Amino acid sequence: MRRILRKHAIVEDDWTLDDAARTPAGLIVPLARWRAERELLLASAAAIGVLLPNTEDVEAIYPQIADRPLIALQFPTFTDGRALTQAVLLRNRLGFAGELRALGDVVRDLVFWLGRCGFDAIVPRPDQDLEACRGALDELSVAYQPAADAHAAVWARRRMRASA
Amino acid sequence: MYRYDEIDRELLKQRTAQFRDQTRRFLAGELSEEDFRQLRLRNGLYQQRHAPMLRISVPYGLLNSAQLRRMAHVVRKYDKGYGHFTTRQNIQLNWPQLAEVPDLLAELAEVQLHGIQACGNDTRNITCDYLAGVAGDELVDPRPYCELLRQFIALHPEFYWLPRKFKFGFTGATIDRAATRTNDAAVHVLRRDGAVGYRFFVGGGLGRLPLLGQEMNAFVPEADLLLYACAILRTFNRFGRRDNIHKARIKIVLREWGVERFRAAIEEEYAKIGASAEGGQLKLLPEDIGRMRGHFDAPPYRPAGEAAADLRAQAASDPRFAAWLKRNVRPHKSAGYRVVFVSLKAPEQAPGDCTAGQFEALAELCDAYSFGELRSTYDQNLVLADVAERDLYALWGRLDAVKLATPNIGLTTDIIACPGLDFCGLANAGTIGVTHDIYRRFDSLEAQYEVGPIRITMSGCMNGCGHHSVGHIGILGVDKHGEEWYQVTLGGSAGNDAAIGERVGRALSRSEIAGGVERLIRAYLELRSDEEETFIECYRRVGMEPFKARLYEAEGESGKPVPSESEERPPGESGQGARAGMARRGVAAA
Ligand code: HEM
Ligand code: SF4
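As you go down the protein sequences, you meet chains S and U in turn.
Just so it is clear: in the first sequence, position 152 is 152 by my numbering, and no numbers are missing.
Just so it is clear: in the second sequence, position 306 is 1306 by my numbering, and no numbers are missing.
Bound-form chain U, shown alone (with noise of 0.2 Å):
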């Protein structure tokens, strides 16, 4: 993991004063509201529903202990006991008063934590796949480049004010586990004849207008990852629009350019930058990478013998360790490792939400099992990324103990959701309690395993924090008078062969839509040519048509819907998002 030098360490302390005087002078009166807005923005503070949200950064989802020690801390002192890790591997706390924001900063600012960009037109946190270093698939481990470019975008002064937000997503390997192409920039760290480079992609974004990036450049020399980028975001900052907020992600720029276009216009200012005294100042020389890769070197990892177990004795004896081992834990690339998943989709949680006392166990479990480390993944579940196979059966014990055991990964229950109507203030619908609805229909490990892999993802409004845009089913928030309903969308996928999903058609209501997912996925387990089809290649086989009739079939002859058998919700999780999240969390209700 990246360790902060003192030229690090300087900057961030002088960015957090900086920041502790512009909230001082807005309390005192002397910065106007949308004036401090932009500036708060910066440093991952923004307003929402009941509070101010505060959206922390975790450059390309790792953690370590002390970090994790640290949020344990902050979430109890400035918090209401929880953060949520969102689907760009950050965490957000929802509950932070303004005036303590600057205390809170200073405090994570001691173990290289911040909000820096973490909100508002700029360069984004740049996500990364939550494997790197470890998979099996992997050509280069991109975390190396994903510092040198965090480096070069942190606070840089021509892009500090964007058009919109920029944000790029990295992978080294050769399955995308991090939904690069939904990113505005996606690299992919390859190699070719033995030389490294980066196969750019511009133009991703979900929100209003999905679109999945589009290949700029097949091979830019490992030199160059700074000019290129440079050339990126200087030509949107000139032709990103400003006259439209809805209109201003860069790839609106290409969508009116064309792809040829706005290739030529990258390609042309790569080629001015190389040529000129600035290209010399950004190129990367060996020295420069192999410096940056000596923070990302492999931990002292045992020698096979010593870490290898008998895992089929212990499964056999336990069948719940075996049920987690089968679904939670992935082979590592070192003989006697394994790469485990840790659930933050528990029954009765909001997807991605971690309790203090949760952050505490984990920073304990890293430290004793894993070198430390942990690290965010894009669908809002943790990674422990180097267990030792004798380790597995008391590291999954103490998950257990504190809840982070749910045997779920990639089944029909680990839902991606943004945190909707019960804390975002831009919100159509609600969309925890729709994720508990779902659950509970599905609560059954054996449905779950019988389903197999699929991916649920939610939004609650049409920005999209939620990937419903590429989940295999999509369930998109909308407003009708006033009411809660959900939009569904089919055949989504973030993964290598993504694509933006389709609306199967008219919305369903709050009491329709738990019964409507699941007969979705009925229908799936009635049209499978095998156990082996997935849900994905089922859809992609038979089409949208056997899907919408049965995800409609309940709807009554006269076009109106029947109430689905979910209407009896338990109270607390009724469509009145805000109050419920509140009443939910143990919140008086004001």
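Next up, chain S with everything else stripped away, as it sits in the complex (with noise of 0.2 Å):
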């Protein structure tokens, strides 16, 4: 079974995208299947994420998507942001709670991008390096804007220390 990083643990992955290696917790299906399928999926027992395209607007699918314990988005490669407004909508918006999962070109130098905008399972690409992804999540300790994590602005954080 394959290492991912969910929120700072490095932990077997007990997800798969791969229908014949189905393992008990749980299954990813692309969005188009889960439309198409969704009675079938839910009643085949195993719980169901889904994985979005980058190009997909989550506002106008959320309602279809809002109970699924998993969401997974896409980066095609490292440089391509659209599924970290994806991610900060889903948070911060929409108010998903599940697990948001990021896969694809995920190298370590996104990692800690990905954690500030809600991400919280991190599947890295192969060659990288596990421990230095979990690393990679606290690169840096301070923050002037809020996102999705526990940041807060930094002109809310000015406010607080003048009035201290």
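If you are wondering where the hints come from, they were derived from the structure by calculation, not from laboratory data.
Just so we're clear, the structure is a prediction, and the values are computed from it rather than from any experiment.
C-beta atoms are modelled at their ideal positions from N, C-alpha and C, and glycine is treated no differently.
One thing to keep in mind: the hints can contain errors.
Said to hold, decoys possible - These stretches of chain S come out as covered by chain U in the derived footprint (C-beta under 8 Å, 3 or more residues): (1) 68-80; (2) 83-96; (3) 138-146; (4) 153-163.
As the list claims (entries may be wrong) - So the derived list for chain U, only partly shown, Cβ under 7 Å to chain S, looks like this: (5) E1010; (6) L1011; (7) Q1038; (8) Q1151; (9) A1154; (10) R1238; (11) E1268; (12) S1276.
Stated by the list, open to error - Keeping only pairs whose Cα atoms sit at most 20 Å apart, straight-line, the calculated SDA-like set for lysine to any residue is: (13) K1272(U) with A60(S); (14) K1013(U) with D138(S); (15) K1013(U) with Y144(S); (16) K1326(U) with E1532(U); (17) K1403(U) with A1368(U); (18) K1165(U) with D1035(U); (19) K1272(U) with G95(S); (20) K1013(U) with G135(S).
Fit chain to chain and form the complex, with the hints in mind.
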């Protein structure tokens, strides 16, 4: 089984994209299949996660996937930041609380930005060092702007300091 | 000027360490060339013709004396003793060694300088009116808003991997001195019924398809600066094209969608942000803006009586001072004070270049005469914004001693030019040699004064770093079978009357171009209605035809170009850009 990053831990992956290799935990299916075979997939017992293309309008599609325990987003190259906006909208605007997973050309130097945008499961490119990826989550401990993590806006922090 | 607190300092320190580690991994073979490229660009490092080029951000064009001293030090230690001011008010170094760049950046970080997002597909350095805070026509000082936005976009995780670069330009005055509408987003800070707000333009850009920004919203309330910026950037990140690098700027989305659909998308996103918790986090409170404004308080001006001087008497006794006073000194909103322009367009100098000695001299001069601060301008000059009249004569003498007092601001030889083939790997043609040729033809100040205000701009390729498409006379280097040729455009402007120049016709050869520019200017002198009519006014009145006729009149009967007088160029300024540049700069030909 493949090892991935979940929150700050390196864990065995209990999800698969491959029907044949279905594990007890879950199957991730492309959005189109989810829409076409929803009832069938749900009846097949295992948990079902959905993989969105990075061109998908997450707000429009959300009612159809809001109850999923896992949404996977794609990085065709690590410089293609569309899924970062999808992630921020899913977390902040739509309130998605399940697992948000990054797939594709996920390199160590993208990990920090993923964490800030609300991804809590990261599947690095096979050639990447998992320990290094885990370290990269905390590469910078200071941030100026709010995103989908715990950092407060710097202007709000300065308000508090001024009144302290 | 904005002063870092411990949050800013800590962030920059960690960022510097992050890049040091990335460079180490690359040099150790742990990071591929392509993966590292994306990381180094976001720290200002670009690979160009001879060496890496390091672009150092100068946020909205403000520098202090400590930063200037540090620049003098780093260009000596890590480079060949000079830097280059760009049309985005930044500074570029042309010769750093990759392995040394982390140390260089660490030295810069100590004085609040960095290359964060200076290159790459991200939000770039914000440019701004270089007379912010001192101009008589100012409605609102834009600098506090520039800094608030800078902090929002710096290392913004959602917008760190955009489809293409994204540039903001600000002004808070009625005269646009920052070429704002050539930016992806222009922000005009203004007042309506007593309330501060922003007029936003989106979709400008130079390069292959020069376009001016279109108005998106005539008045965004003061508290919503970051909400509106977020709506624009999010729309761009979602819908900007990623299939073709030449169609990836936001201006292409605007063109493909049309302005109405584009505006509707941004306004819808703005409304959604406003209605959500995110909007609450991004809304600025009056105290946030007040705190930021405190960083840009006016300096402690002396009372007008103490600052004023009898400039007329000084000018009468020294004609060189008089010329400088007339051309390089402008009014200031405080009585007894003046704004001083420092020309980086001396003869035989590459436009925008600044030597270590000049950086040092500028540090001393701004400490002595302008409250320790200096500004860079989009037309590649510098400004000492707060000089008391009684210091002008002494300041002039000291600027003159380091070749920074050429009295040519806004005139023919105040040419904007990118580095061109001498440095840039993307160039089609040299620019610096051409600026020198034009310069020689108008060397006499009388000739330039006769011509009056004119903006000549030149880029070595269609990326347009030298703003050629918004020059009154724009020159674009093109490659024809391995030779350098130059296309001419007329009628462009970057100010309130912003316009994209029109191409005149076939390109001119390296030997023809300076003569061609001279003929255009002579045509203007003949065509103008009176001495008050400027080049651009005259062009707009008479149209292209008479200028076009003069531009090509040296052409022989056969249609073959006749060599112009400037054929005998001095050695070292031939068309062989790269080698010529190195020779001129005293670099041993390797
Ligand atoms: C020497 C290395 C440089 C390289 C390789 C370079 C590269 C580029 C490229 C590729 C573009 C086009 C971007 C696009 O169309 O999307 C561009 C645009 C631009 N660059 Fe440069 N540049 C360099 C130096 C400079 C310098 C020295 C200046 C200032 C003098 C400058 C200022 C600009 C500006 C103002 C634009 C136009 C921005 C726009 O399209 O809106 N660049 N540059
Ligand atoms: S305009 Fe072209 S030649 Fe000039 S600096 Fe830009 S990319 Fe290089």
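Here is what the structure says about each hint:
1. Requiring three or more residues with a Cβ within less than 8 Å of a Cβ of chain U, the coverage given for the stretch 68-80 of chain S holds, as 3 such residues are present.
2. With a threshold of 8 Å between beta carbons, the proposed coverage of the stretch 83-96 of chain S by chain U holds, since 5 of its residues qualify and at least three are required.
3. Chain U is given as covering the stretch 138-146 of chain S, and this holds because 8 residues of the stretch bring a CB closer than 8 Å to a CB of that chain, at least three being needed.
4. A count of 8 residues in the stretch 153-163 of chain S with a Cβ less than 8 Å from any Cβ of chain U is obtained; the coverage claim is therefore met, three being the minimum.
5. Of the supplied interface hints, the one on E1010(U) holds, with its beta-carbon coming within about 5 Å of a beta-carbon of chain S, less than 7 Å.
6. Because the closest C-beta pair between L1011(U) and chain S is about 4 Å apart, less than 7 Å, the hint holds.
7. This hint holds: Q1038(U) has a C-beta 6 Å from the nearest C-beta of chain S, less than the 7 Å allowed.
8. With a least beta-carbon distance of about 4 Å to chain S, the hint placing Q1151(U) at the interface is held under the 7 Å criterion.
9. With 7 Å as the threshold, the beta carbon of A1154(U) comes within range of chain S, its nearest partner Cβ sitting at about 6 Å, so the hint holds.
10. Using the Cβ-Cβ criterion of 7 Å, the hint placing R1238(U) at the interface with chain S is satisfied: the shortest such distance is roughly 6 Å.
11. Taking 7 Å as the C-beta contact cut-off toward chain S, the hint placing E1268(U) at the interface is violated, the least distance being around 10 Å.
12. Of the supplied interface hints, the one on S1276(U) holds, with its beta-carbon coming within about 5 Å of a beta-carbon of chain S, less than 7 Å.
13. With a C-alpha separation of about 13 Å, the suggested pairing of K1272(U) with A60(S) holds against the 20 Å cut-off.
14. Straight-line distance between C-alpha atoms of K1013(U) and D138(S) comes to about 14 Å, which keeps the hinted pair within the 20 Å bound.
15. Between the alpha carbons of K1013(U) and Y144(S) the distance comes to roughly 14 Å, so the proposed pair stays at or under 20 Å and holds.
16. About 16 Å separates the Cα atoms of K1326(U) and E1532(U), which keeps this hinted pair within 20 Å; it holds.
17. Distance restraint check for K1403(U) and A1368(U): the Cα-Cα separation of roughly 18 Å lies within the 20 Å cut-off, and the hinted pair is therefore satisfied.
18. Distance restraint check for K1165(U) and D1035(U): the Cα-Cα separation of roughly 18 Å lies within the 20 Å cut-off, and the hinted pair is therefore satisfied.
19. Proposed proximity of K1272(U) and G95(S) is supported: the alpha carbons are some 14 Å apart, at most 20 Å.
20. With a C-alpha separation of about 17 Å, the suggested pair K1013(U) and G135(S) falls inside the 20 Å cut-off, and the hint holds.
Checked against the numbered hints given earlier, this structure breaks only hint 11.
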